[in-house]
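Chemist: Going down the list, the sequences are from chains A and B. So the working numbering is basically just the index in the first sequence, starting at one, shifted up by 3. So the working numbering is basically just the index in the second sequence, starting at one, shifted up by 33.
Everything labelled a hint here was simulated from the structure, so no lab data went into it. Warning: the hint list may mix true and false statements.
To be verified - Heads up, simulated SDA-like pairs for lysine to any residue below, C-alpha to C-alpha not over 25 Å straight-line: (1) B:K282 <-> A:N264; (2) B:K289 <-> A:I28; (3) B:K289 <-> A:V145; (4) B:K51 <-> A:C115; (5) B:K223 <-> B:M145; (6) B:K51 <-> B:A66; (7) B:K289 <-> A:P148; (8) B:K223 <-> B:H140; (9) B:K282 <-> A:Y295; (10) B:K204 <-> A:I28; (11) B:K289 <-> B:L269; (12) B:K282 <-> A:E289; (13) B:K282 <-> A:Q152; (14) B:K204 <-> A:L319; (15) B:K99 <-> B:R320; (16) B:K282 <-> B:F98; (17) B:K289 <-> A:F179; (18) B:K204 <-> B:K223; (19) B:K223 <-> B:K289; (20) B:K204 <-> B:I303; (21) B:K223 <-> B:R320; (22) B:K51 <-> A:A216; (23) B:K51 <-> A:P234; (24) B:K289 <-> A:S323; (25) B:K51 <-> A:A219; (26) B:K51 <-> A:D27; (27) B:K204 <-> A:S323; (28) B:K223 <-> B:K282; (29) B:K289 <-> B:A148; (30) B:K282 <-> B:E92; (31) B:K289 <-> A:F150; (32) B:K51 <-> A:P29; (33) B:K282 <-> B:I303; (34) B:K223 <-> A:N264; (35) B:K223 <-> A:S17; (36) B:K204 <-> A:P172; (37) B:K51 <-> A:I28; (38) B:K282 <-> A:R291; (39) B:K271 <-> B:T95.
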Amino acid sequence: MISTQPRALRPASSPVVRALQHGDIPYRGVIALSALAILGLVVGVGVMLWIYSEPTRVAAGWSFVVETAWNPVGEVFGAAPFILGTLNTSLVALIVAFPLGLGVAIFLAELCPIRLRALLGFMVELLAAIPSVVYGAWGIFVFIPAFVQPLGDFLMNTFGNPSRFPFLPILKGPFFGASTLAAGLILAVMILPTISAISRDVLLAVPRAQREAALALGSTRWETIWQVVLPYGLSGILGGIILGLGRALGETMAVTMVIGNVAQVSASLLSPGYSMASVIANEWGESRTPMYASALIEIGLLLFVTSLLLNIVARLLVWSVSRRNPDAGGGRA
Amino acid sequence: MSTPAARRWTGAAARERKRRLVNILMLGLTGLATLLALVPLAWILAEVVARGSSALSVEFLTQTFKPTSLGGGGIWHAIVGTAILVGLASLLAVPVGILAAFYVVAHPNSAMGLAVRFGTDVLSGLPSIVVGLFIYTVLVIERGYSAWAGSLALAILMLPVVVRTTEEMLKLTPQSLREASLGLGAPEWKTTFSVMLPAALTGVVTGLMLAVARVSGETAPLLFTALGSNNLSVALDKPMASLPLTLFKYAVDPSKTRNAQAWAIALVIIVLVLALNVGARLIAMWRSRMMR
Numbered sequence: 004m005i006s007t008q009p010r011a012l013r014p015a016s017s018p019v020v021r022a023l024q025h026g027d028i029p030y031r032g033v034i035a036l037s038a039l040a041i042l043g044l045v046v047g048v049g050v051m052l053w054i055y056s057e058p059t060r061v062a063a064g065w066s067f068v069v070e071t072a073w074n075p076v077g078e079v080f081g082a083a084p085f086i087l088g089t090l091n092t093s094l095v096a097l098i099v100a101f102p103l104g105l106g107v108a109i110f111l112a113e114l115c116p117i118r119l120r121a122l123l124g125f126m127v128e129l130l131a132a133i134p135s136v137v138y139g140a141w142g143i144f145v146f147i148p149a150f151v152q153p154l155g156d157f158l159m160n161t162f163g164n165p166s167r168f169p170f171l172p173i174l175k176g177p178f179f180g181a182s183t184l185a186a187g188l189i190l191a192v193m194i195l196p197t198i199s200a201i202s203r204d205v206l207l208a209v210p211r212a213q214r215e216a217a218l219a220l221g222s223t224r225w226e227t228i229w230q231v232v233l234p235y236g237l238s239g240i241l242g243g244i245i246l247g248l249g250r251a252l253g254e255t256m257a258v259t260m261v262i263g264n265v266a267q268v269s270a271s272l273l274s275p276g277y278s279m280a281s282v283i284a285n286e287w288g289e290s291r292t293p294m295y296a297s298a299l300i301e302i303g304l305l306l307f308v309t310s311l312l313l314n315i316v317a318r319l320l321v322w323s324v325s326r327r328n329p330d331a332g333g334g335r336a
Numbered sequence: 034m035s036t037p038a039a040r041r042w043t044g045a046a047a048r049e050r051k052r053r054l055v056n057i058l059m060l061g062l063t064g065l066a067t068l069l070a071l072v073p074l075a076w077i078l079a080e081v082v083a084r085g086s087s088a089l090s091v092e093f094l095t096q097t098f099k100p101t102s103l104g105g106g107g108i109w110h111a112i113v114g115t116a117i118l119v120g121l122a123s124l125l126a127v128p129v130g131i132l133a134a135f136y137v138v139a140h141p142n143s144a145m146g147l148a149v150r151f152g153t154d155v156l157s158g159l160p161s162i163v164v165g166l167f168i169y170t171v172l173v174i175e176r177g178y179s180a181w182a183g184s185l186a187l188a189i190l191m192l193p194v195v196v197r198t199t200e201e202m203l204k205l206t207p208q209s210l211r212e213a214s215l216g217l218g219a220p221e222w223k224t225t226f227s228v229m230l231p232a233a234l235t236g237v238v239t240g241l242m243l244a245v246a247r248v249s250g251e252t253a254p255l256l257f258t259a260l261g262s263n264n265l266s267v268a269l270d271k272p273m274a275s276l277p278l279t280l281f282k283y284a285v286d287p288s289k290t291r292n293a294q295a296w297a298i299a300l301v302i303i304v305l306v307l308a309l310n311v312g313a314r315l316i317a318m319w320r321s322r323m324m325r
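Model the full structure from these sequences, guided by the hints.
Modeler: In structure tokens form, the structure reads like this:
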């Protein structure tokens, strides 16, 4: 809007309007408040979970983390089976997803024709868009019977025999499908896009000159990637892996639906287990006593603290790469 | 021809062959990894479409809950529930997210600006079940399960997506636009709302679409907040049904009818989520072509 009225003839703004810099002071206040709300939420989550987990924190202290018995009726609450279950499933997921995700990232960043890069990258990232509960349903009805069951049977029959392979208790039977293995494999699919997207951005942030120098010295493309590009982006890739791990730790529905939900400490990947997130989701409806609810909230608190720490480490690592080469822009998840 | 120099040369040739072989092998493996990564996507989509479409019908979409003995009914109550929960969550998350993004862009290097950026990252990495527990302790203990509580939990999950996409888009908006407006004497808030925001609008819209896509399939946080219900309800202070919760309940139900219905719900959710993701991507592509 262009006003035809000369400036001088307009009524002067009132002292209040001027003192507020024509609305800029309240505006700055409002955006600062919104920004503060985000920080407040992060802090608030920690504080509330801390407060409401008091009954079990006071009653059990640190032994909550190492106690292996989980007997809500007898008011014995030990989180060890769930912590181990979360660690096991996440490790399986990482072992499967890391090489695959890195391969995808290398292909997309170094080899793929530029036209295909966006499309393929988008398709891999769609894996992250599929809701957890759909993964769970697919796991129950398709993935376990069609893939995990035969794989597990094979592993159990080949390596699970304790007299032939006494050093492989992780593949001991019996095996009924729902298991740590099934949960770990589904998690692998779910965290693959996180690892590949971040690693790809990190690789794209490696300066061209690094590659050109290596190629000029006579390296093959693989040698350039393996000996120059990957070491340069190593900390960023590590950050991507840690973010993937963070996602695996907190994943709830898919794991709940395929892990079997048995609170036991077992060395075997083929036996049913339980994870921290899935015990909260699965037993919440039953937690009628204050101690029971508090135990579940304390498990939530542990999840919060873990994911906070993992995020801090991962962001620092990813930032360290993108900051070294700021104009490349990549690196944020 | 067997001078030492020539022998050394044939050794070098063998080494050279090995290097080339390793090169081709490893590059091929990365391509294979990419193909392998697309297998689960194709597999899941194919199963959801095949199994879901057979249980999907107009009655299924428009009827409300019925016991399996009466045919099982439909999911209209869950569709309405999800629309209300996600709509309300958007109304809560979008203004706060946009304003926070303006803050982050205005203070890129201050301690507070960095802290907020980091807070956004932490929030987006937070397990959704933890957010659900948080809302439970804040709201549900006092007032009971409600649609409000569910929407708030979803809003917290949407917030980082809105902040980040708005922020990215604001950074791409030419600085000269802002300077021109400020140079004409417009106050900062007016510059923000009538110059910067319209210029970044496509970014805000794609951000909202991605955020909606992210939360419309969220199940875990709703377990302790909106709880779920078998009735068609629009009351915000009562428990409310939603698509993902119903999918979860039906998938773990022993009844075959319910299992088939679970696949139909999965199809509805997948179509919604994919449409939002593809739409957001198309808008972003269209936008970057316009900018060029």
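Chemist: I'd like to know which numbered hints this structure contradicts. Please list them from smallest to largest.
Modeler: Of the numbered hints, 2, 11, 15, 19, 20, 24, 26, 28, 29, 32, 34, 36 and 37 do not hold.
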